[in-house]
Amino acid sequence: MKKAPTQSRRQFLQKAALGGALAGTVSLPILANADKLKFPDDLPEWMRAPGGEFGNYGQPSKHEQQVIRWISANPAAPGNGVSWTPLHDLQGTITPNGLHYERHHNGVPQIDPAQHILLIDGLVEKALSFDVESLMRYPMVSRTCFIECGGNSNSGWRSNPIQSQAGYAHGLVSNAEWTGIPLKHLLKEAGIKTSAKWVIAEGADAAALNISIPLEKLLDDALLALYQNGERLRPENGYPMRLVLPGWEGILNVKWLRQLRLTDEPIMSRDETSQYTELMPDGTARQFTFINEAKSLITSPSLGMMLPDNPGIYQISGLAWSGRGKITRVEISADGGDSWVDAELQGPILDKAFTRFNLPWHWQGEYAILQSRATDETGYVQPTREALIENRGKHGFFHYNAIISWEITEEGDINHVYGF
Amino acid sequence: MSMVSRTFITTLLLFVSSQLFADSDYQALGKPADVLSQQAQWNLSIAPDGKSLPQGKGLAAQGKQIFALKCAACHGPEGIGASADPLVGEVGSLTSEYPEKTVNSYWPYATTLFDYIRRSMPINAPFSLTADEVYALSAYILSQDDIIAADFELNEKTLPRVTMPNRDGFTAYYPNKQ
Chain A
1 MKKAPTQSRR QFLQKAALGG ALAGTVSLPI LANADKLKFP DDLPEWMRAP GGEFGNYGQP
61 SKHEQQVIRW ISANPAAPGN GVSWTPLHDL QGTITPNGLH YERHHNGVPQ IDPAQHILLI
121 DGLVEKALSF DVESLMRYPM VSRTCFIECG GNSNSGWRSN PIQSQAGYAH GLVSNAEWTG
181 IPLKHLLKEA GIKTSAKWVI AEGADAAALN ISIPLEKLLD DALLALYQNG ERLRPENGYP
241 MRLVLPGWEG ILNVKWLRQL RLTDEPIMSR DETSQYTELM PDGTARQFTF INEAKSLITS
301 PSLGMMLPDN PGIYQISGLA WSGRGKITRV EISADGGDSW VDAELQGPIL DKAFTRFNLP
361 WHWQGEYAIL QSRATDETGY VQPTREALIE NRGKHGFFHY NAIISWEITE EGDINHVYGF
Chain B
1001 MSMVSRTFIT TLLLFVSSQL FADSDYQALG KPADVLSQQA QWNLSIAPDG KSLPQGKGLA
1061 AQGKQIFALK CAACHGPEGI GASADPLVGE VGSLTSEYPE KTVNSYWPYA TTLFDYIRRS
1121 MPINAPFSLT ADEVYALSAY ILSQDDIIAA DFELNEKTLP RVTMPNRDGF TAYYPNKQ
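Residue numbers (the numbering used here), protein chains in the order written: chain A, 1 to 420; chain B, 1001 to 1178.
Chain B on its own, in the form it takes in the complex (with noise of 0.2 Å):
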């Protein structure tokens, strides 16, 4: 083969190549979700700060009924018992010889429960409850241990407010100590 054939073959390669092989590794396709990323649907996590809570408000009285009716089931009709995890009592207990990790006594922020509520609970129908109804639920857990007065109205102002008994014991362990 002449040089000159060479040449002429591996540039007509190198031009059908460019035509197959893209520039880029793929082509962008994800589609604008500005909007899609305000609906209540895309902000179900609430931190700490509380930005993210529906209005609405409720009480610890309002919410045993609740309880009562949709949670005693599993958790029993103090929040102790039956199949599920405890969720009151306890504090104080986590450096005693059995420590029980209630709500109470071991979550680190009032917004997680509400959170974790709304969410999942009750566990057969989750999302299936009002904002009232979930601030109601949290304060008569809350209640029951004394963090808030039985009569103390839980909103979006006052939740995020609410210091529980274990705010400060926990290590992030990440970045520092991985």
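In isolation and in its complexed conformation, chain A is listed as follows (with noise of 0.2 Å):
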């Protein structure tokens, strides 16, 4: 490694020197002060030493090296599984690129730009192909806003409470700033028939997983992602492009796209059958629901933290989503629902994105069970686990977003409980 230069006492100084004079002051006091720095114990290493090298790309702090997703896959088939957002050491509301939560099918494909093409073809007036090159001459738009795994928080369905960290357990969610095309100024391109009704969207992994999608949803907010968070997607996320659709189940907002056939029926594919449907009590099963409703979770305090102080104040901090518009409100209970007080709603609140809420807490020792409920702007109020369970019983899988209990005893240590 090259050495830094490092300043000789002699040129220290003398500028010192040079700068009492300027300064029209004693120059005694000065060197008086430089002298003390002789001895520069009292002063952290990285205070008495040059830093390390320029990084052409920066990484987190080795001291933050916890902070990771965390993976659960297949050992059989290691390219299917997932990874999960570590919401619960996470502030703020964007997802880290390194850190947003992934589903992944077959593996994260490598896909060279110069081979990649989008193909929209079917029920449209000529069927197009776009190479990446031409699509970046598109006007695009930003938009910040989540997505939601369809299976997210699954474990709730269980019996017994799972005792995984908040984002272990409910982090298959991230938020972040993705920038695109929007789909429609494709599609129009095209030339859209008045016979499509779906569009079946493909992408190039080794899934080659394909999903219906009702076309008036790419019509409407869908963007062709290229970019997240201000940089092109990470492999893990789509690149070269993607759907981002607002709001809308995980699955989706389809990866590595490479067709968009449109059509006037549904595919029918495995996982719009098979998968991402929702079994009833009665054995029917829902198709097509979409939309993830609203949710909240308490990060912080949370499993696998404690509370070091009694009594003490801390911070209630948490994140709360609708895939149907803005959160208009979140409450906390520390008493497992029977009395409810208004967080702290941090702006700006966007539409289908991730809001922060926080709320001073006064902890006096006693046994607390530590709630969030969000409210969205169509009036829709986040569950309790019975209502959602009454509601579609126990063998639904998907979209739970029941509102999560954290007990909190009275040696300040924290457990994810059912409520009382």
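To be clear, the hints were calculated from the coordinates, so they are not data collected in a lab.
Only a predicted model underlies this, so the values are computations on that prediction, with no experimental measurement involved.
Some hints here could point you the wrong way.
Dumping the calculated DSS-like pairs for lysine-lysine here, alpha-carbon to alpha-carbon at most 25 Å [unchecked claim]:
1. A:K193 to B:K1051
2. B:K1031 to A:K193
3. A:K126 to A:K197
4. A:K217 to A:K184
5. B:K1070 to B:K1101
6. A:K193 to A:K217
7. A:K326 to A:K217
8. A:K217 to B:K1177
9. A:K126 to A:K188
10. A:K126 to B:K1031
11. A:K184 to B:K1031
12. A:K126 to A:K193
13. B:K1057 to A:K394
14. A:K188 to B:K1031
15. A:K197 to A:K217
16. B:K1051 to B:K1157
17. A:K184 to A:K197
18. A:K326 to B:K1177
19. B:K1177 to A:K394
20. A:K126 to A:K62
21. B:K1031 to A:K197
22. B:K1177 to B:K1057
23. A:K126 to B:K1101
24. B:K1051 to A:K197
25. B:K1177 to A:K197
26. B:K1101 to B:K1177
27. A:K188 to A:K217
28. A:K126 to A:K184
29. A:K394 to A:K184
30. B:K1070 to B:K1057
Reconstruct the complex from the two isolated chains, following the hints.
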């Protein structure tokens, strides 16, 4: 390693003397101060030696190495699984790109953008292909929104509450600023036939994932995203291009998008029949339940932390989001839902995006159950787990959005519970 | 500044801006792709009507041999167990205390089975199976629960006509109930 030039003591003294002379003061006190710095042991080492080298791409501090996605994959097929965003270790509302949750069906493809095209065909006036270079010339817009896997929080259906940290049970949701081309531009360029009602999206991964999306969503607020939080998409988030459908479940936000085929009927692919459908108690299943309903999660204090001071003041903080619009209210309970207090919503409150909520809490050592309850602008209120199961049974598996409860023991330990 | 020169500058600015800013928001850059659209690699999705099914045929007995070789490691020798989701059995279990969503108990269309095997299985070598092999594997899985007879030939004509046990088990929430 090249040694960085250090300033000699003589140079340092000369500069000090010059500074003293220019300021028109006597030089003696300054020299005396400099002498004190011969013994700088009270200063931390990073103030007494030059810091590290520049980096071409910044990385988190080595002291933050525990802040990672937690990977849960099938050992027999390691490309098939999920990784969870550590929501309990993050603040604000934007998920860093390296921590955005993942769901892969057969690994992360390493796509050469020069060999990738998007084909728009089917019920259009003229089938069109777009290469990446051309797409970069289209007008782009940016919007911040969450993407949530339809299977997020599905451990909530189990009989016993899972003892995982907040993000590792509920972190198949992340929030980013996506930049890309409104899809309506590209669809209109191809010319939409009046018989077109659905669009079959297909990805260029080794699962060639295909799924049906209502055309009207693509004409509404859908993006062909090329950038995430200001930089080009990461391979694990769909490089070079993906769909972003604000508020609609993750599976529809097809990564590595290669084709949009307009049709009159849905294709009935595996991921809209076998998966992402919700089995009801009468044995029938809900299909095409696209929207992620309102949900909230206290990220701090939460499982894996503890309350060190008794009594003490703690900042209750968490995230709320709704696939139907803006969050209008988050209430906090410390007694398992008997009484509620409004939390402060941190602005800006964006449509179909994470909203951070905060509330200081004066804990005096009592047994407590902390809960948060979100309301969105349609008036929808996040349900209790009891109400969710009453409504949808125990085998729905997808779209679990019930109130989440953290038990605070009198010792200040935190556990996941299902309420009193 | 005189009125005349002000008007002149305004006119000049308008002239310049019409040169700089486009009338349309963007230039249409899509390339005609009618030929591409007809090619097999852009026609992977198979609807319940089966129109995009490739020509081919297969029997359950052939499928059983392929299954043992290429599928059993993850799906178990009989299509149950090992690391992957169970494929067969549990027909009629959806209203029970412990429902099992297998291909045969839950999937509404046999075309989906062909579509999914062809595009993503075996997981270590997607797109490596021939159409005949995919028909044979589909026949093997479906025949395990007598959805088709053991000697029934699956091909591009017969596969879309297979009626799955849970064909009518789904309620579409979009667009009516969203």
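How the hints compare with the structure:
1. A:K193 to B:K1051: It holds: about 20 Å lies between the C-alpha atoms, which stays within 25 Å.
2. B:K1031 to A:K193: With Cα atoms ~18 Å apart, K1031 (chain B) and K193 (chain A) stay inside 25 Å; holds.
3. A:K126 to A:K197: 17 Å, holds
4. A:K217 to A:K184: Holds. K217 (chain A) to K184 (chain A) sits at ~10 Å (cutoff 25 Å).
5. B:K1070 to B:K1101: Holds. K1070 (chain B) to K1101 (chain B) sits at ~22 Å (cutoff 25 Å).
6. A:K193 to A:K217: This hinted pair holds, its Cα atoms lying about 16 Å apart.
7. A:K326 to A:K217: Holds, at about 18 Å.
8. A:K217 to B:K1177: It holds: about 15 Å lies between the C-alpha atoms, which stays within 25 Å.
9. A:K126 to A:K188: Holds. K126 (chain A) to K188 (chain A) sits at ~10 Å (cutoff 25 Å).
10. A:K126 to B:K1031: 9 Å, holds
11. A:K184 to B:K1031: 17 Å, holds
12. A:K126 to A:K193: 10 Å, holds
13. B:K1057 to A:K394: Violated: K1057 (chain B) and K394 (chain A) sit about 41 Å apart, past 25 Å.
14. A:K188 to B:K1031: OK: K188 (chain A) and K1031 (chain B) at ~14 Å, within 25 Å.
15. A:K197 to A:K217: The given pair, whose Cα atoms are some 10 Å apart, holds under the 25 Å limit.
16. B:K1051 to B:K1157: Satisfied, since the Cα-Cα distance of roughly 9 Å is no more than 25 Å.
17. A:K184 to A:K197: 14 Å, holds
18. A:K326 to B:K1177: The given pair, whose Cα atoms are some 21 Å apart, holds under the 25 Å limit.
19. B:K1177 to A:K394: 21 Å, holds
20. A:K126 to A:K62: It is violated: about 53 Å lies between the C-alpha atoms, which goes past 25 Å.
21. B:K1031 to A:K197: Answer holds: K1031 (chain B) to K197 (chain A) is near 23 Å, not above 25 Å.
22. B:K1177 to B:K1057: 40 Å, violated
23. A:K126 to B:K1101: 40 Å, violated
24. B:K1051 to A:K197: Roughly 18 Å between the alpha carbons, so the hint for K1051 (chain B) and K197 (chain A) holds.
25. B:K1177 to A:K197: Holds, because 17 Å separates the two Cα atoms, which is no more than 25 Å.
26. B:K1101 to B:K1177: Since the Cα atoms of K1101 (chain B) and K1177 (chain B) sit roughly 24 Å apart, the hinted pair holds (cutoff 25 Å).
27. A:K188 to A:K217: 14 Å, holds
28. A:K126 to A:K184: It holds: about 15 Å lies between the C-alpha atoms, which stays within 25 Å.
29. A:K394 to A:K184: The given pair, whose Cα atoms are some 39 Å apart, is violated under the 25 Å limit.
30. B:K1070 to B:K1057: The hint holds at about 18 Å.
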